[in-house]
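Line by line, the protein sequences give chains A, B and C.
So for the first sequence, my numbering puts the first residue at 1; every next one is plus one.
So for the second sequence, my numbering puts the first residue at 1; every next one is plus one.
So for the third sequence, my numbering puts the first residue at 1; every next one is plus one.
In short, the hints are calculated from the structure, not lab data.
A portion of the hints provided could be inaccurate.
As the list claims (entries may be wrong) - No more than 27 Å apart at the CA atoms, straight line, and that leaves these computed lysine-lysine pairs for DSS-like: (1) A:K25 - C:K301; (2) A:K505 - A:K552; (3) C:K545 - C:K583; (4) B:K5 - C:K271; (5) A:K288 - A:K321; (6) A:K410 - A:K321; (7) C:K110 - C:K141; (8) A:K505 - A:K462; (9) B:K5 - C:K301; (10) A:K395 - A:K406; (11) B:K16 - B:K3; (12) C:K141 - C:K301; (13) C:K484 - B:K16; (14) C:K502 - A:K125; (15) C:K25 - A:K125; (16) C:K25 - C:K67; (17) A:K125 - A:K163; (18) A:K395 - A:K350; (19) B:K3 - C:K471; (20) A:K125 - C:K484; (21) C:K67 - C:K178; (22) C:K141 - B:K3; (23) C:K545 - C:K559; (24) A:K163 - A:K288; (25) C:K583 - C:K559; (26) C:K178 - C:K141; (27) A:K406 - A:K375.
Said to hold, decoys possible - Derived, one-sided and incomplete: chain C residues facing chain A with beta-carbon distance under 8 Å: (28) R274; (29) V280; (30) S451; (31) C455; (32) P457; (33) N476; (34) S480; (35) R494; (36) L497.
Quick caveat: nothing in here was measured; it's all calculated off a predicted structure.
Backbone N, C-alpha and C define an ideal beta-carbon position, used for all residues, glycine too.
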Amino acid sequence: MSITLTIDGQSVQAEEGQTVLEVAKRAGVTIPTLCYHPALEPLGACRLCVVEVIQRGRSQIVTSCTMPAEPGMEVRTSTPAVMESRRTVLELLLSRCPNVPVIQQLAAQYGVTEPPFEADDPNEKCILCGLCVRACNDLVGAHVLNFSDRGISRVIGPAFMEKTRDCIGCGACTIVCPTGAIEIVLEKEALYAAKPLGPASAIYVPFLQAVPRVPVIDTDACIRFRQQARTNGELADACGVCQLLCEARAIDYTQQDEELDIEVGAVVVATGFADFDPYLAPQYSFGKSPNIITGIEFERLSNSGGPTEGEILTAEGVPPKSVAILHCVGSRDKHTNKYCSRVCCMYALKQAHLVRDKTGADVFEFYMDIRAPGKSYEEFYERVQEEGVHFIRGKGAEVTVQPDGKLLVKGEDADLSRVVAVSVDMVILGTGMTAQPDAAEVSHLFGIGCGNEGFFTEAHPKLRPVETNTDGVYLAGTCQGPRDVPDTVAHANAAAAEVLALLTKGEVVISPATAEVNRDKCVGCGDCIPVCPYTAIARVDGKAQVNAALCKGCGTCVATCPSGAIEALHFTDEQIVAQIEGVLKWV
Amino acid sequence: MSKLKNVGDLQALREKLQGQISRRKATNTTITVGMGTCGIAAGAREVMHAILEELQRRDIQAHVTTVGCIGMCSREPLVDIQQGDEDRVTYGNVSPNMVPRLIEEHVVNSRVIDEWVIGRVSGQGG
Amino acid sequence: MVEYRADVLVGCEHGEHPDLVGALKAEIERRNLGAEINVVETGCRGFCAMGPILLIEPEGIIYCAVKAADIPEVVEETLVKGRVVERLAYQEPVTHQRICHYEDIPFYHKQMRLVLRNCGMVDPRSIEEYIASGGYSALEKVLTTMTPDEVIQAITVSGLRGRGGAGFPTGRKWSSTKHAHGECRYIVANGDEGDPGAFMDRSMMEGDPYAILEGMTIGAYAIENVREGYIYVRDEYPLAVENLRLAIERATEMGLLGDHILGSDFSFHIKIVRGAGAFVCGESSALMQSLEGSVGEPRPKHVHATESGLWGQPTALNNVETWANVPLIINMGAGEYAKIGTTNSKGTKAFCLVGKVRHTGLIEVPMGMTLREIVYDIGGGPQEGREIKAIQTGGPSGGCIPSHLLDLPVDYESLAEVGSMMGSGGMIVMDDTNCMVDVARYFLDFLKDESCGKCTPCREGIKRMLDILTKIVTGNGEMSDLDKLERIARTVQRASLCALGKTSPNPVLSTLRYYRDEYEAHILQKRCPAGVCRDLITYNILEAKCTGCGRCLRNCPRKAITGERRKLHVIDQALCIKCGICKENCVFDAIEVS
């Protein structure tokens, strides 16, 4: 419903529920404000937006930010009483914060150029407008900032003025603060402790080189999604700061994960590897100290996009003085994985180099032997040796956390034939590569082989390294076995080439020797379906049916069928018997 | 105390309780007992207790006060009764068994028991 | 049940002599009078200057300033022998006559104790005594003979206005609450009394808690759809909290509170919420915030609490004194009640008469009584040789009324007209030894900590006004400061968020209005006419009067006084901190302030 009121003699229309300030702003009447923000509930604290309102014959001075517009109301924004009030309020604010440009400028507009009183603290910037408090509580829902104490002792801060981990560092307070009184200080120690090596905020660009370079929302960390999950979807109104501030209006909380059905002619399986779970090697005490980290975590730590902006720091926030790097964690070990993960030696050497280079710390590498085959690899190993890294030939046996927080690494130095122990500030576990935990499911889905370790089996280890036993399904990268980046790229290119070779032909050649079901004999028991390694059999109308395009004619189903209903074409019983008879004729 | 179930219960309770604070309200009757050493020796305390009991039994609103020796020790225990602007009447040699009749005749029916009276003071001069 | 012959009423239990009741009981026991004499602990009887007070009924004998050591004599003489202990009776200050009967003392004689009728007369912990003295007869009348609308009508006709300070008509408040839309309605009793020197509400909550409960219950009945009421009491009043809690418990047990009150369909519950003692929580919107569990800070009141108050529901919030008036009005009849007081201010008002009068205490007078009657007849006038200078009413938000306006009738409008306010009922009398600049400074000093600090004018304005006043009382003031002071005061008055802020400059503005000469003396002559402001005075020993007794020398905390025995003593001005202890101790009046 529209209502009419007068502002400074000018008749204006307003919507019901609008405040006088909103109406005046729309009508082009300037009213100074400090504690007002359109996204936040008005507080009426700074009292700068006072106007004179004449209503039912009664005149009163009110704050326009809180006063609801009412029909027939007469608003005067610059009467002498209003101007004097604003001027005095600005005098008082300028006396409190003499060096804040926003207040200096506003005060100058009202003829106040010098603070009439001496400030208690000339560096004071906070005018206690409470915008940050409202943003933190009403908008973000972090409930970190609030007022404490009263009267002239009133201050804004976290509870008991103590640092709190409840602060998520979102910075909403700094954005709304009119006087620049709040600064976000990235406290590396705090950040590291709050979110070790993970993304620093709930919304982030996945990695620096990401394409497309757009942020994603971590729904487990996002206040809004957490609220939604907590209330089973009933509430989803917390925070919303990103949406509020995004000028492109690109934030959409309603987006959902989608499943797409796409028909394709070929599939490249490139599901990658899983980092070895260091808890499976308890002798290394992973999890017992924040300074025992995996190789991948070290990558995050030393990355310039990481939580410490690339500085190598311990959990205490200081650079380590000594670092131990343990090779073969989860590799070449009969208790975990027997195979060599191939990449760890080289990344461990690189990390040793980074630690030396960035911190100058003593580095101890515990290794069995260094595997550095390939171009320039051995040369790099030599360079790292020259950089003063201590190489201890012998697998790290045990890591223990000392009472003072230092880490004691024990191992046998095979060169010296004696047990060695070093006390260090940080331990990097050179964790190996393992197959993805769902490798068995994936192998079944695509009808491809899977070895004992969980890596997918290629059609031929030497001649067909990217193909699988299922036509049209190819392998690329570490899902097939541990390999480093150049090898993975080469492998992937090969898979792509295979796919192109297949698809450009436009047709596929299939083997004529496939299985066929005699529907008269089939009883529909279904025993053949799970045994088919190529998922070529399905039950159609209660009976088994073989997809000739998938069938490789291996004969497993033929042998399995209890009622003898499946025959391998070109290898029917009659043909085989005939062949036997033919052979026997010559005997 | 049990719950009041209706307004009637409240009224009944109030009536019952009113005696409890009647000492702080004006009543029409003041009974004064001489409680000097002489009076107590002659049994004034027993007389006063008898008066209090009798007043309570009959649910009479009256003030009972004590005074010291007024000099007529030979006639103790002495009890004065005064109602409103009436004369203040002094009874002598009062014993507890005389109390019911005193209350009945003088306090309730405002009839002075002349045979026990030993003195009168004009109510106005009081 | 034992029928006693006498009641001994002991007030002021939490005063300086907490052993009085014990001593009395022990003495009565020792003399075997336990069956005859009833000792009753009551609330405050208001005659605080003379406390502790014993009242012996039915004789109506009142003893002042009784000590435990006086008890045997009181028991022997009065309770056994019926004689008055003259030396404990009240002594009339002018004629020095002893007055032994309660009603004869002028302090009580001039008062009209209606709301305070039970304070000091019944045991506040006994619902039986309250009922016996006519308690709950108003509720009875309301439940049996009046409709809710008739109750509101009666309150409206009675002319009762809020006793908390603003004086809003209570009937109108109840009516708007009743007609506002909401799921339910609430009523609240404001017992967050925070003014320095005021204790009316405390005395009522301690001394007659049932009257407040009864008033609220009647209010709940009248406003309808009120299931819950709250009493907000500051936690600095432990006895009030205890007595109210006990009263709620007992009233609920008796069926006078809770579900189905007196067997009717009307149900109402009362809860006590303890405040943490912030002055600002006496402001209604801050009080409700605090009640809801938030920080007590005022909200802009474009929507009244009667529309959207506690938890967004229509709420009738009244001061405890207002609630205590309700049963009185119902019992007296609205018409009778309206006969008391003036045209626009009806009924009586309780005041805490404190400061430089002989008889300080809690008093209740009909509206429209003049300040002179209150100060001279009830308060006994100024101390010997002193002169009344001003009367400060309305607490820190009130103003100072000069002595030439002593014939001003005390009602809402008259007080506002002269720049002060009724407030909750603080009344501080000042004489010629009070410096008005210092008084204004005192109140601002109180307010600088008690302002919630939410809005700029109140928070910063009070601080800066205080800065200026401090400058003036230390002798550094300039005449231009007075203009500055007035301008800030005007802005604080105009632009502050809540009533507390808007009224906070009243002490400054009213003293500036009536005592500008004192300000000017401080600024121009660097002189404090009342001899209060330490930086502007010196203490000197008069040669003519000093006997060299050495009392001042012994008591001086800074050893600033020297002198041989029986010879003139001298104050070393460099060491003197102007504490005034020497002057207080000098029995020869030989120390002069200049």
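Next item on the list: For the hint on C:N476, just tell me whether its beta-carbon gets within less than 8 Å of chain A.
Entry: At about 13 Å, which exceeds the 8 Å cut-off, the nearest Cβ of chain A leaves the hint on C:N476 violated.
Next item on the list: Please work out if C:K25 and C:K67 have their alpha carbons no farther apart than 27 Å.
Entry: Distance of about 14 Å is within 27 Å: holds.
Next item on the list: Return the status of the interface hint for C:P457: holds when the least beta-carbon distance to chain A is below 8 Å, violated otherwise.
Entry: OK, holds: C:P457 within 8 Å of chain A, min 5 Å.
Item checked: Hint consistency between A:K505 and A:K552 [alpha-carbon to alpha-carbon, up to 27 Å] -> holds, 20 Å
Note to self: Interface hint check: C:R274, Cβ to nearest Cβ on chain A, cutoff 8 Å. Holds or violated?
What the structure shows: violated, 18 Å
Checklist line | Residue hint C:R494, partner chain A, criterion CB-CB below 8 Å | finding: Because about 5 Å separates C:R494 from the closest Cβ in chain A, which is inside the 8 Å limit, the hint holds.
Note to self: Given C:C455 as an interface hint, is its Cβ closer than 8 Å to any Cβ of chain A?
What the structure shows: holds, 5 Å
Margin query: Next pair to validate is B:K16 with B:K3; report whether the Cα-Cα distance is within 27 Å.
Written below: Status holds; Cα separation ~15 Å.
Note to self: Would the hint linking C:K583 and C:K559 be met if the CA-CA limit is 27 Å?
What the structure shows: holds, 14 Å
Next item on the list: Below or equal to 27 Å on CA atoms is what counts here, so check A:K395 against A:K350.
Entry: holds, 18 Å
Next item on the list: Sort out whether C:K178 lies within 27 Å of C:K67, counting only the CA atoms.
Entry: This hinted pair is violated, its Cα atoms lying about 52 Å apart.
Note to self: Given the hinted pair C:K110 and C:K141, is their Cα-Cα distance within 27 Å?
What the structure shows: violated, 31 Å
Hints 7, 9, 12, 13, 15, 19, 21, 27, 28, 33 and 34 from the list above are not met by this structure, while the remaining hints are.
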